[in-house]
Amino acid sequence: MLALPPTLVVVRLCRSPPRGWLKSVTTTLQTRQAVELHGVTRRYGTGEQTVTALDRVSVGFAPASFTAVMGPSGSGKSTLLHCAAGLDRVSEGRVLIDGVELGPLREKARTRLRRDRIGFVFQAFNLVGALTAAQNVELPLRLAGRRAAVGQVDAMLAEVGLADRAGHRPSELSGGQQQRVAIARALATRPVVVFADEPTGALDASASREVLRLLRVAVDRHAQTVVMVTHDPLAAAYADRVLFLADGAIVEDLHGPHGAEQIATRMAALS
Amino acid sequence: MSWAFVRHQWASFLGTFAALLLGVAVISGSLSLWAAAQPRVPDALAATDVVIAAPAFKSAEGGFPVYRPWSPEELSSLLAKLSATPGVRSAVPVRTFYVQRLVDGQPSGDPGEAVHSGAAWSSAGLGGYTIQNGNPPSRSGEVVVPSSAGVPVGAALPVLIAAGPTTWTVTGVTDGGGFYVDDATASSLAGGVRAIGVLADRGASLQVGELGTVLTGDARSAVEPEQDTRTRWLGAQLIIATVFVGGFVAVFVVSSTCAFAVTSRRRELGLLRAVGATPGQVRRLLLTETLLVALLAGVPGAFLGALAAPLLADPFVAAGLEPVGFTVGLSWWAVLISVLVGVVVAAAGVWLSARRAGRVPPLDALRDAAVEKRPMTRTRWVTGILCVLAGGGLALLLPGSSANDKPTIVLMSAMVLLVAATLLAPVLVVPLVRLVPAGRGATGVLVRGAASVAARRLASIAAPVIAAVGFAVLLVGTFQTASVAVDIEDAARIPASSVAARSSAVPGLSETAVRAQQGTSSLPTVVYLPSGEPISAVGGAAFAVPPELGLQVGSTVPLRFADGVVVSLAVSSISSASVELPRDLVRLHDPNALTPVVQLSAPFVASPGAVSMTARAYVEREADEENDLVDLFLAVLLGISVGYTALAVANTVLMATYARRQEFVTLHRTGATPGQTVRVVIVESLLAVVLGVALGLAVAVPALFEARAGLQEEIGAPVTLVMPWPWLLLVAGGCALLAAFASFMPFLRSGLLSGGARTMAG
Ligand SMILES: Nc1ncnc2c1ncn2[C@@H]1O[C@H](COP(=O)(O)OP(=O)(O)OP(=O)(O)O)[C@@H](O)[C@H]1O
Ligand SMILES: [Mg+2]
Numbered sequence: 001m002l003a004l005p006p007t008l009v010v011v012r013l014c015r016s017p018p019r020g021w022l023k024s025v026t027t028t029l030q031t032r033q034a035v036e037l038h039g040v041t042r043r044y045g046t047g048e049q050t051v052t053a054l055d056r057v058s059v060g061f062a063p064a065s066f067t068a069v070m071g072p073s074g075s076g077k078s079t080l081l082h083c084a085a086g087l088d089r090v091s092e093g094r095v096l097i098d099g100v101e102l103g104p105l106r107e108k109a110r111t112r113l114r115r116d117r118i119g120f121v122f123q124a125f126n127l128v129g130a131l132t133a134a135q136n137v138e139l140p141l142r143l144a145g146r147r148a149a150v151g152q153v154d155a156m157l158a159e160v161g162l163a164d165r166a167g168h169r170p171s172e173l174s175g176g177q178q179q180r181v182a183i184a185r186a187l188a189t190r191p192v193v194v195f196a197d198e199p200t201g202a203l204d205a206s207a208s209r210e211v212l213r214l215l216r217v218a219v220d221r222h223a224q225t226v227v228m229v230t231h232d233p234l235a236a237a238y239a240d241r242v243l244f245l246a247d248g249a250i251v252e253d254l255h256g257p258h259g260a261e262q263i264a265t266r267m268a269a270l271s
Numbered sequence: 001m002s003w004a005f006v007r008h009q010w011a012s013f014l015g016t017f018a019a020l021l022l023g024v025a026v027i028s029g030s031l032s033l034w035a036a037a038q039p040r041v042p043d044a045l046a047a048t049d050v051v052i053a054a055p056a057f058k059s060a061e062g063g064f065p066v067y068r069p070w071s072p073e074e075l076s077s078l079l080a081k082l083s084a085t086p087g088v089r090s091a092v093p094v095r096t097f098y099v100q101r102l103v104d105g106q107p108s109g110d111p112g113e114a115v116h117s118g119a120a121w122s123s124a125g126l127g128g129y130t131i132q133n134g135n136p137p138s139r140s141g142e143v144v145v146p147s148s149a150g151v152p153v154g155a156a157l158p159v160l161i162a163a164g165p166t167t168w169t170v171t172g173v174t175d176g177g178g179f180y181v182d183d184a185t186a187s188s189l190a191g192g193v194r195a196i197g198v199l200a201d202r203g204a205s206l207q208v209g210e211l212g213t214v215l216t217g218d219a220r221s222a223v224e225p226e227q228d229t230r231t232r233w234l235g236a237q238l239i240i241a242t243v244f245v246g247g248f249v250a251v252f253v254v255s256s257t258c259a260f261a262v263t264s265r266r267r268e269l270g271l272l273r274a275v276g277a278t279p280g281q282v283r284r285l286l287l288t289e290t291l292l293v294a295l296l297a298g299v300p301g302a303f304l305g306a307l308a309a310p311l312l313a314d315p316f317v318a319a320g321l322e323p324v325g326f327t328v329g330l331s332w333w334a335v336l337i338s339v340l341v342g343v344v345v346a347a348a349g350v351w352l353s354a355r356r357a358g359r360v361p362p363l364d365a366l367r368d369a370a371v372e373k374r375p376m377t378r379t380r381w382v383t384g385i386l387c388v389l390a391g392g393g394l395a396l397l398l399p400g401s402s403a404n405d406k407p408t409i410v411l412m413s414a415m416v417l418l419v420a421a422t423l424l425a426p427v428l429v430v431p432l433v434r435l436v437p438a439g440r441g442a443t444g445v446l447v448r449g450a451a452s453v454a455a456r457r458l459a460s461i462a463a464p465v466i467a468a469v470g471f472a473v474l475l476v477g478t479f480q481t482a483s484v485a486v487d488i489e490d491a492a493r494i495p496a497s498s499v500a501a502r503s504s505a506v507p508g509l510s511e512t513a514v515r516a517q518q519g520t521s522s523l524p525t526v527v528y529l530p531s532g533e534p535i536s537a538v539g540g541a542a543f544a545v546p547p548e549l550g551l552q553v554g555s556t557v558p559l560r561f562a563d564g565v566v567v568s569l570a571v572s573s574i575s576s577a578s579v580e581l582p583r584d585l586v587r588l589h590d591p592n593a594l595t596p597v598v599q600l601s602a603p604f605v606a607s608p609g610a611v612s613m614t615a616r617a618y619v620e621r622e623a624d625e626e627n628d629l630v631d632l633f634l635a636v637l638l639g640i641s642v643g644y645t646a647l648a649v650a651n652t653v654l655m656a657t658y659a660r661r662q663e664f665v666t667l668h669r670t671g672a673t674p675g676q677t678v679r680v681v682i683v684e685s686l687l688a689v690v691l692g693v694a695l696g697l698a699v700a701v702p703a704l705f706e707a708r709a710g711l712q713e714e715i716g717a718p719v720t721l722v723m724p725w726p727w728l729l730l731v732a733g734g735c736a737l738l739a740a741f742a743s744f745m746p747f748l749r750s751g752l753l754s755g756g757a758r759t760m761a762g
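First to last, the sequence lines map onto chains R and F.
The first sequence stops at residue 271 when you use our numbering, and every number in between is there.
The second sequence stops at residue 762 when you use our numbering, and every number in between is there.
This is chain R alone, in the form it adopts within the complex (with noise of 0.2 Å):
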């Protein structure tokens, strides 16, 4: 047989190699991010009233990696999120997911993109009233015309300690559990990255440690690649690096753990 050199390989693998699949390929194996944003910039509105939520932001998600993301109110947080997860458009700069440019994406397969590498959590309203704990769980699955194994809905729901669950509706649901689902469900294809923009905001204290819990699970058991909104200081301590953000741009990038109040007096240092 002939040896192919490694370039090569990866041609041949890719049948129909998309635009600029040189790049996004040589950047995968140059820094092998789950998540990378380039010089992104994201404004609001035109002209007198322009709101620049993010100004130039370049930062990169390593996989099987928690991050916190903390910053005061207005700060770019949200929008920070929304723009990495292609819920909206970037004004300026690049998002690549698991090595993918969303820029030159039509919509259809952006929201393909997202529903089989993105999963999400949000701070409030993440179920589907109509559908059923299980059904909620088993929805991008479902939209991505797969079904789930036998038993796979289950053992997620059980993951998240809701298998007796799985026939309620979420207004049967408290809080918590809700939200316990949602990240059952966030997690449910395997994604490439999860984002939670304030996923313990509407809760109280021993439900946030739970939910808190369970994507530390995540990271730690799936290699699951994991960015968290917080204003929490508690909350950001169960990450690996907490960004800071203050007025669109990255002000401060800690690595490894730290405790909750290391947190606290670098927040309050900043704001």
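FYI, nobody ran anything at the bench for these hints, they're computed from the structure.
Beta carbons are placed, not taken as given, at the ideal position from N, Cα and C, and that holds for glycine.
Where hints are given, some of them may not hold.
To give an idea of the interface, some chain F residues facing chain R are shown, with a C-beta separation under 8 Å as derived from the structure [said to hold, decoys possible]:
(1) ARG267
(2) GLU268
(3) PRO362
(4) LEU632
Across the chosen pairs, the derived CB separations fall in these ranges [to be verified]:
(5) PRO63(R) with VAL344(F): 48 to 54 Å
(6) ALA390(F) with ALA249(R): 30 to 36 Å
(7) ARG378(F) with ARG43(R): 22 to 28 Å
(8) PRO431(F) with GLU92(R): 37 to 43 Å
(9) PRO431(F) with VAL251(R): 17 to 23 Å
(10) GLU92(R) with ILE385(F): 33 to 39 Å
(11) HIS222(R) with PRO431(F): 36 to 42 Å
(12) VAL344(F) with GLY45(R): 53 to 59 Å
With chain R's structure known, arrange chain F with the ligands on it following the hints.
Leaving out everything else, chain F with the ligands in the frame of chain R:
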């Protein structure tokens, strides 16, 4: 998954469900009636194998085909040819004439049926009738009667025929209907022959060439009495109008309900998009949901309509919309088709909303659902303006169109403009809301704030009001304006005298009744031009024709009379109105002709079937018969359009209030008393009603003027426009009450008024 949505959010599908259920029921009922209202083979020809119909004339403008009578020579050669054809057992000309039994000197039975209830004995076999008792009639003055008449053989039977009252002797009783006399008498009493009934073996090949049409099986129904065809046509008009207006209103209501449902479900749709539903998937979800609802509503609706239709058979006959003997059975195809129509209506209604739903950005999952960014989308602008242009364009067609098409064009143009008004309504919300005084209390501020943010919501509530007001004003206004106009037209011709008119028990005055009076009358008949075209004529003095026939004084025209005889006549003058012929000539060739009215120049002389009245009373009576029908049409159309849209008003308001429960909870928590919250909602709904009334009027009033212009042109005299104020007040007030009540309802149920904010939030 669609099913889960439908089941969970049945409240938001309730409106679509009810609209479709009703719409499909109306359509299925109408179709069942339609199916039953097809021409029937007359009983008197039920036993024939073949019917030969005389040559038919079809006018270019449509309408019923008219069969011209055969001339005596044509008839005898045709009969000879048919009788000689192998396999033909008998070929009998169908001769019918007017006869009505006199009971105690008074004409009895249905006057419409009486026109063709006399027949020749030789044709009794065509109905399969046989003599049960006694003998067939053999000479003039003898008659065979149906056993249902209850007259014994040998009894004297006083009857009224076109010539006048006479007395016949009953020689036999049959199992059929109608009065059978001997052939010679029948041919002298009947006008011409337009149908031949044939009893023949299977496979006999009948050739009639240019002289007629060979009809077999159900096609034989083509020779049913013209009167019945006309009655059916009236019924069909009502059915068509019902389906047309009902279908439009159904699409209108379903689409505005669907559009509204999308608006109030933005967050959920955004969530679906966020977790990976493509725009196509969201679109399909909405389509499937609505189609599911369409089936759920359509199947019971279709059965409801089809089962209710038989109950309408008798009222239809009583109203003169279907001939006697009309019955309605369960029609499977009506059920099937109306379910399909329901599905199509639903798909059409949801189509645009589904497309809009597909474009909901995923970020809307995170936004407050109640806030819409823009009142108008580009599609809405474009479609709205296109509708304005289309409606205006249709109105421009009016001056050049025929009098027949005008009402249809006015209605279509108004319908398109109603759609336009609905689409463009959000634009008007903001200026309208500015009119609300801010005041010192919170209500004004809240209403002004909410209404300018949620222009779409107000416009959704206004939509059915626009349609209700538009239809009510336009339909009632047009009908009332027209009936006033018709009265003017007739009044112009009424001389101030008394008349001898037909009583309502008879179709017309007999010759004897006319001759008993002193005065002037005209004898209506129909003659046929060489082309076969029928023209109405009256027996008066000399041959005069109106200018539109394009004939000169002195030119000769071969006219075919009712008995088929062709007479060449020279035009002696140009008349102003109708074709006039010498009266004696008409009587000679149309023994069956009846006189409607005699203008008296001397006191009235009593005669069977004649009554004395003033000319004005006569005109009013004739107009009333028509007006009753017009009132019925109006009642049905109004009932459907206004009833339907009222339902939509209630539904939209309910949905809107329900969708805002979260907002109300916030209001409640910020310290709004329940009364304040309810007041805000009611004021908002009333604003929407005001908007709807204004837009409905904006469409209906110009259309009313157009309708009047058409009428004026038609009768050539100024017509006063009747603005139906009472109806406008009724419909607007009704909508306002419904809207206010529906705004209030969800609060009662949720217990928000008693402080149960949590239930409302859940
Ligand atoms: N759709 C929008 N239109 C206009 N401005 C917006 C929009 N979304 C966000 N912004 C602005 O962008 C800035 C950043 O908003 P963002 O929601 O990202 O803040 P955040 O850090 O998430 O704040 P919080 O902690 O309060 O959630 C804010 O100034 C906000 O007003
Ligand atoms: Mg935020």
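Restraint satisfaction for ARG267(F) [CB to CB of chain R, less than 8 Å]: holds, 6 Å
Verdict for GLU92(R), ILE385(F) (Cβ pair) under range 33 to 39 Å: holds, 37 Å
Satisfaction of the hinted span 30 to 36 Å by the C-beta atoms belonging to ALA390(F) and ALA249(R): violated, 54 Å
53 to 59 Å as the expected CB spacing between GLY45(R) and VAL344(F), which holds or is violated: violated, 44 Å
Satisfaction of the hinted span 37 to 43 Å by the C-beta atoms belonging to PRO431(F) and GLU92(R): holds, 39 Å
HIS222(R) versus PRO431(F) beta-carbon gap, inside 36 to 42 Å or not: violated, 58 Å
Assessment of proposed distance window 22 to 28 Å (beta carbons of ARG378(F), ARG43(R)): holds, 23 Å
Assessment of proposed distance window 17 to 23 Å (beta carbons of PRO431(F), VAL251(R)): 47 Å Cβ-Cβ, so the 17 to 23 Å window is violated.
GLU268(F) as chain R interface residue, shortest Cβ-Cβ below 8 Å: holds, 6 Å
Residue hint LEU632(F), partner chain R, criterion CB-CB below 8 Å: violated, 46 Å
VAL344(F) and PRO63(R) - C-beta distance against the hinted 48 to 54 Å: About 52 Å separates the Cβ atoms of PRO63(R) and VAL344(F), which means 48 to 54 Å holds.
Minimum beta-carbon distance criterion (8 Å), PRO362(F) to chain R: Where the cut-off is 8 Å and the nearest Cβ of chain R is about 5 Å from PRO362(F), the hint holds.
Hint compliance for this structure: hints 4, 6, 9, 11, 12 are not met, and every other hint is.
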